[in-house]
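Undergrad: Residues per chain, in single letters:
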Amino acid sequence: MKAWRELYALLPRVIDFIPRATEGDGVDITRVLALVVVGKGACDAKNLPMLEELAKLLGGTIGCSRRVVESGLLPYTRQVGQTGRTVVPKLYIGVAVSGAVQHLVGMQGADKIIAINTDRQAPLVQIADYALIGDYLEIVPRLIKGLEERIKNFKGSKK
Amino acid sequence: MLPSIMLFAVVFVAAIALFGWSCFKRFRLVALGRAENRCDNVGKRIWSMLLYPFTQLCTITWRYPFGFNHAVLFWCFIVLLIANAEFLLNGLFPAYISISYLPDGAYFTLAFIFDIVSIIALLAVLLAVIRRLAFPPANIVARSRDAFVILSLIAGLMIAFFGMHASHIAHGTERAAAYMPVSSLVAGWFSGVSAEGLVVSAGVFWWIHAIVLLSFLNYLPYSKHIHILTAIPSCFVRSLEKINSQTREEFKKGNVFGVGQVERFTWKDLLDSYSCTECGRCSDVCPATFTGKPLNPRLVIHDIKANLLKNGPLVASNREAVLPLIGGDVEGSISEEVIWECTTCGACVEVCPVFIEHFPKIIDMRRDLVEMHARFPEELLGFFENMEQRSNPWGIAPAERTKWAAEIDVKPFEAGKTEYLFFVGCAGAFDARNRRTTLALAKILDAAGVSWGILGKDELCCGDSLRRLGNEFVFERIVKENIKMFTERGVNKIISHCPHCYSTLKNDYDQYDVELEVIHHTELINNLIGEGKLNLDRAEDLGKMVFHDSCYLGRHNDIYEAPRKALVSAIGHAPTEMKRHHKIGFCCGAGGGRMWMKNRVGKRIDMARVEEALKEDPETICVCCPYCMTMFVDGLKDENADDRVQVLDLAEIVVRALK
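The listed protein sequences derive, respectively, from chains A and B.
For the first sequence, our numbering gives the first residue as 503, with consecutive numbering after it.
For the second sequence, our numbering gives the first residue as 90, with consecutive numbering after it.
Next comes chain A alone, as it looks inside the complex (with noise of 0.2 Å):
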């Protein structure tokens, strides 16, 4: 009986419950040194892998505007805005993302920003460090290659 009331005074104590501690699906994005965001153009299932193995290449995650929140894609938590996080990685890169001023407010502290879209006037490319015009499907490929080939070489590199 004495080892039960002993055993139980050993156990933690609950001082708080905090719910959806691990809402979503657990990651937390604002601790990430690099970011994919998926923006509404890019809202798509079927390409979500190949933009989730970009982020994996690059050490880091997916991310996505408040529209593909919207849109059911991905959770709440991986939204970068003003009604979202606040991020600051070391590298951003916005998929078809427009860059309008509530999600910009949640990215603008990153080192690098990196924008792939089809339009040159999108607010996100003017304030882009880097910004790639084209279409994401036929960019995004090429970039995942071109990684692959310098881990690759990388690895491969006995000096």
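Read the hints as simulated data drawn from the structure, not as lab findings.
Take the hints with a grain of salt, since some may be wrong.
[Unchecked claim] Result set (PhoX-like, lysine-lysine): computed pairs, CA atoms no more than 20 Å apart in a straight line:
id	chain 1	residue 1	chain 2	residue 2
1	B	654	A	542
2	B	622	B	672
3	B	687	B	726
4	B	622	A	542
5	B	672	B	331
6	A	548	A	558
Let chain A serve as the given structure and place chain B on it in line with the hints.
TA: Chain B in isolation, oriented as in the chain A frame:
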């Protein structure tokens, strides 16, 4: 007869005493509220008190045609007030007081009027019952016990009236019989009754009338029908100015801010909760209620009343309140999510027949949450920080404020040399889409030869969202910084293209020591056109044009016609109106700080308004506000209509018409 008078006297005194005590119990709770001066400008107030109730202007509107039934019932009630007063006094002093003691002319006239009015009242009650059963309005509990009790009591009163007089007429003791058509008709149904029977029936109906009347009186304080006592005083103490501002806080150590307990409301707020007739018009026009949010203005007022009735007696005797005003999911407690859903559009205040001020109470409660408990939706944390540190909601470097003017020539505002300060505003400076409006307005001002200049990167946010979200502390800081800047630079006249900046600079800044003449760009453009300073051709190829009223322009500041007139000059014809326009224009959803908040429940308000606009099949939607612009652009994109419908600010349309 003597024992009858004694009995009635006892009943009467008891009923009046009980009524007085019930009223005292209820109304002393209103006195718990904070002080507020609602007795200035007495002449205007007396006029309000006579005009609105007696013409029933507030209840009769096109949108709510059934209000006419209430008007009828009200007018009957006023007339019957005299009849019932006579009835009661006659019961106490039958030898001295009776309308039958008046000369024939007066007596017959009164008898006739009372007779007709009673049947009209009865019919109105019947209509009300049918309406509640067969076509109940949404948004209220139409088939409530309270409603049917009241309607039954009124009906009972009328029926007893006829029973009484019919008995006298059938008995031949009513000399005004010829002037009482309805009672005479009913008397026909008593034809078979003996004379003694008629005496009894007259007595019975008399007592029924007396009991129902006194019961009704005593039921009043416990029902929403108490509004017959509070409605007319409500007209007296109503706000004589538009409700477009809130009161300042006094930031002294030890003060309590906002309203976290019911007794922190002013007495007028608490009286409002009693005055509510539960008509549901506020809920009918509320954009949050319409889109399925938990906010329902009628229930907010109802909860305040319930909370006061529960906590009031405790607080009055210095005991602890038991029901929290904010937080609970029970009647009498307003949940936090309800408080944050409000867009402060003011539609609720606009349609209320008894001049209740709904949304200022919500802002008061927001102040408690923000200033006393730092409890607010998480996405506002970034917003508040940005405002504090960068004086703009997006936290963008202030140096970027002049980016919109990169390709044109803008002058800084110079004291003595420049007439108008063009207050660009945060949206107009930082938001890509709204920058185009700023540029358009700049072009118009130049074309008209207006002397204008800007503050450039020194400009700060006007602080509108801060105040509506309840963060009065940061708001006051920003206001004082702005006023210091305006004074130092000699700014008196300000042009703004944002209704929120306009309203805040005009109405809120008025509470601080500064004289500012603020004009909205729609007013200015309309004036310039009228003065012939703008040469306009007709702007072609904009197609069917639909106009959207901004809440902070229309309802809050009464600017409805200026933009429409300007549009007519620019496109040659009046724009198409949406179903809800002018005073009941539907909010775009961004006001009240909601621009910075996430849509958590229900439909997005901007989607609802866009759908309404699309019903008119427009090719162009004309807006006059950067918030509305953002909401419509976003909404149209999400409706996949952005390829066939464009949104333009009035300034952009006028620019297209410039020769």
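Undergrad: Now look at each hint and say whether the structure bears it out.
TA: Going down the list of hints, with the structure as the test:
With a C-alpha separation of about 38 Å, the suggested pair residue 654/B and residue 542/A falls outside the 20 Å cut-off, and the hint is violated. With a C-alpha separation of about 30 Å, the suggested pairing of residue 622/B with residue 672/B is violated against the 20 Å cut-off. Straight-line distance between C-alpha atoms of residue 687/B and residue 726/B comes to about 18 Å, which keeps the hinted pair within the 20 Å bound. For the hint pairing residue 622/B with residue 542/A, the CA-to-CA distance comes to about 44 Å; that exceeds 20 Å, so the pair is violated.
Taking the CA atoms of residue 672/B and residue 331/B, the gap is about 13 Å. The hint holds against a cut of 20 Å. Annotation: proposed proximity of residue 548/A to residue 558/A holds, straight-line Cα distance about 17 Å (limit 20 Å).
Violated hints, listed in ascending order, are 1, 2, 4; each of the other numbered hints is respected by the structure.
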